[in-house]
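Undergrad: Going by the UniProt record's numbering, the sequence shown wraps up at 394, each residue one higher than the last.
No lab work stands behind these hints: they were computed from the structure.
Among these hints, one or two may not hold up.
Computed cross-link-like contacts, DSS-like style, restricted to lysine-lysine with a CA-CA straight-line distance of at most 30 Å [unchecked claim]:
1) Lys-299 - Lys-338
2) Lys-186 - Lys-101
3) Lys-44 - Lys-260
4) Lys-183 - Lys-82
5) Lys-338 - Lys-322
6) Lys-260 - Lys-299
7) Lys-189 - Lys-82
8) Lys-186 - Lys-330
9) Lys-167 - Lys-82
10) Lys-189 - Lys-101
With beta-carbon atoms standing in for the labels, derived distance ranges [to be verified]:
11) Arg-336 - Lys-82: 50 to 60 Å
12) Lys-101 - Gly-344: 35 to 45 Å
13) Lys-82 - Glu-193: 37 to 47 Å
14) Pro-96 - Glu-369: 46 to 56 Å
These figures come from a predicted structure and were not determined experimentally.
Backbone N, C-alpha and C define an ideal beta-carbon position, used for all residues, glycine too.
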Amino acid sequence: MRAESRLQLSILRHATRYNGGMKNSTLLGGLSPAQFLRDYWHKKPLLIRQALPGFIPLLSPDALFELARRDDVESRLVTHFKQQWQVSNGPASELPSTAQKDWTLLVQGVNLHDDGADALLRQFRFIPDARLDDLMISYATDNGGVGPHFDSYDVFLLQAHGQRRWKIGATQDLTLVEGSALKILKNFKPEQEFILEPGDMLYLPPQYAHDGTAIGECMTYSIGFRAPPFQELGEAFLQFMADSIDLPGRYADPDLQASKHPAEIDAGMLAQISDELNKVRFTEDDIAIFVGEYLSEPKASVFFESPPRPLTLARFTVALNKRGVALSRKTQMLYRGKHVFINGESFAAGRADKASLTLLADQRRLDSEAAAKVSTDVLEALYTWYEDGWITLG
Numbered sequence: 001m002r003a004e005s006r007l008q009l010s011i012l013r014h015a016t017r018y019n020g021g022m023k024n025s026t027l028l029g030g031l032s033p034a035q036f037l038r039d040y041w042h043k044k045p046l047l048i049r050q051a052l053p054g055f056i057p058l059l060s061p062d063a064l065f066e067l068a069r070r071d072d073v074e075s076r077l078v079t080h081f082k083q084q085w086q087v088s089n090g091p092a093s094e095l096p097s098t099a100q101k102d103w104t105l106l107v108q109g110v111n112l113h114d115d116g117a118d119a120l121l122r123q124f125r126f127i128p129d130a131r132l133d134d135l136m137i138s139y140a141t142d143n144g145g146v147g148p149h150f151d152s153y154d155v156f157l158l159q160a161h162g163q164r165r166w167k168i169g170a171t172q173d174l175t176l177v178e179g180s181a182l183k184i185l186k187n188f189k190p191e192q193e194f195i196l197e198p199g200d201m202l203y204l205p206p207q208y209a210h211d212g213t214a215i216g217e218c219m220t221y222s223i224g225f226r227a228p229p230f231q232e233l234g235e236a237f238l239q240f241m242a243d244s245i246d247l248p249g250r251y252a253d254p255d256l257q258a259s260k261h262p263a264e265i266d267a268g269m270l271a272q273i274s275d276e277l278n279k280v281r282f283t284e285d286d287i288a289i290f291v292g293e294y295l296s297e298p299k300a301s302v303f304f305e306s307p308p309r310p311l312t313l314a315r316f317t318v319a320l321n322k323r324g325v326a327l328s329r330k331t332q333m334l335y336r337g338k339h340v341f342i343n344g345e346s347f348a349a350g351r352a353d354k355a356s357l358t359l360l361a362d363q364r365r366l367d368s369e370a371a372a373k374v375s376t377d378v379l380e381a382l383y384t385w386y387e388d389g390w391i392t393l394g
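Between the sequences and the hints, there should be enough to build the whole structure, so can you do that?
TA: Below, the structure is given as structure tokens:
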């Protein structure tokens, strides 16, 4: 079908030029973040023609291939040779020829390794950092793709190079093909179809079925958002609380009676244990600390690099006052109330310290003027983070 002849999807066109500064009015097709969140987020797709006019790929295919060979980078190779889906996890030491059709390389977390990719991802910070996940780059040869599927999270699909044909549909049938190496929808029925050019971008809400196929060589950037399952959160919270539970004493039964049924668990035993376990309580503050630590925890594949020759605290202080500091690309810093979270750690900050730390978290940097005003406690924390590779001098 020719999608744009009867397109129900909202298409926004504009002529505003991309200014190269990673902040522009075209990103959402002229919509404000508030309008987009009100009318589209989690609700319906949005196709934005020339969201980033004149967009040039941030990495060449060869640079992406090199990234995929690294141990600290998540990647997957997806092939559809002879109508058979195959998936192999990285490092991608060997790749098919770029002249061969029907294969795709997916590289996760490119923003963790490239300044340009990080800057692009940060354009989407009208969504809170706690929800912003990563920028994935998909390289595909002609006819490459990953089949019709759905994601459990919101996603922006930015065409960076070449063309990709997208078919999408609000299917209610999420039955998957049995025995496939990928989660392929068995009964995908596309409702709309269109071709994206470099600079075009498609937003899809969770569980909206889609199938993208490369027209010739192409690269697509996926800006994904974090939506942790409640089961995963529950299990992690129980582990978190295990570190703070304090139940002194030990089970005892001085009034134990002789049992006629030795294999039966005694009701009195259950009652005593139940009474003790019911003493375990958690507060809203406990939940806030758990959520902050959980959402700021780096992924298992993330490694920080300490400076090869770290400055002494005295020299660091001088450099800080002259240059300021910035968070590492890999650092996640959040806050809630008096609590500040960085890379899975948390601490309570006083009012004055909180002002400088929340500024660092929101702006991801402190200029020299702001850095020169931090307290001794914050200075010591900054120095520790500098030694660990969590922040860099500006």
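Undergrad: Given the hinted pair Lys-44 and Lys-260, is their alpha-carbon gap at most 30 Å?
TA: violated, 65 Å
Undergrad: Measuring from beta carbon to beta carbon, are Lys-101 and Gly-344 in 35 to 45 Å?
TA: Because 43 Å falls inside the window, the suggested range holds.
Undergrad: Do the beta carbons of Pro-96 and Glu-369 sit within 46 to 56 Å of each other?
TA: The hint (46 to 56 Å, Cβ to Cβ) holds, given that Pro-96 and Glu-369 are roughly 53 Å apart.
Undergrad: Evaluate the given range 37 to 47 Å for the C-beta pair formed by Lys-82 and Glu-193.
TA: violated, 26 Å
Undergrad: Does Lys-330 sit within 30 Å of Lys-186, going by the straight-line distance between their CA atoms?
TA: violated, 37 Å
Undergrad: Given the proposed pairing of Lys-189 with Lys-101, does the C-alpha separation stay at or below 30 Å?
TA: It holds: about 24 Å lies between the C-alpha atoms, which stays within 30 Å.
Undergrad: Checking one constraint from the list: CA of Lys-183 to CA of Lys-82, max 30 Å. Satisfied?
TA: Answer holds: Lys-183 to Lys-82 is near 18 Å, not above 30 Å.
Undergrad: Need the status of pair Lys-338, Lys-322: alpha-carbon distance at most 30 Å?
TA: holds, 28 Å
Undergrad: Is the hinted pair Lys-260 and Lys-299 satisfied, with a Cα-Cα distance of at most 30 Å?
TA: violated, 54 Å
Undergrad: Please verify whether Lys-189 and Lys-82 have alpha carbons no more than 30 Å apart.
TA: Measuring from Cα to Cα gives roughly 23 Å; hence the hint holds.
Undergrad: Tell me if the beta carbons of Arg-336 and Lys-82 are separated by a distance inside 50 to 60 Å.
TA: holds, 52 Å
Undergrad: Would the pair Lys-167 and Lys-82 pass a check requiring their Cα atoms to be no farther apart than 30 Å?
TA: Holds. Lys-167 to Lys-82 sits at ~22 Å (cutoff 30 Å).
Against the hints set out earlier in the document, violations occur for numbers 3, 6, 8, 13.
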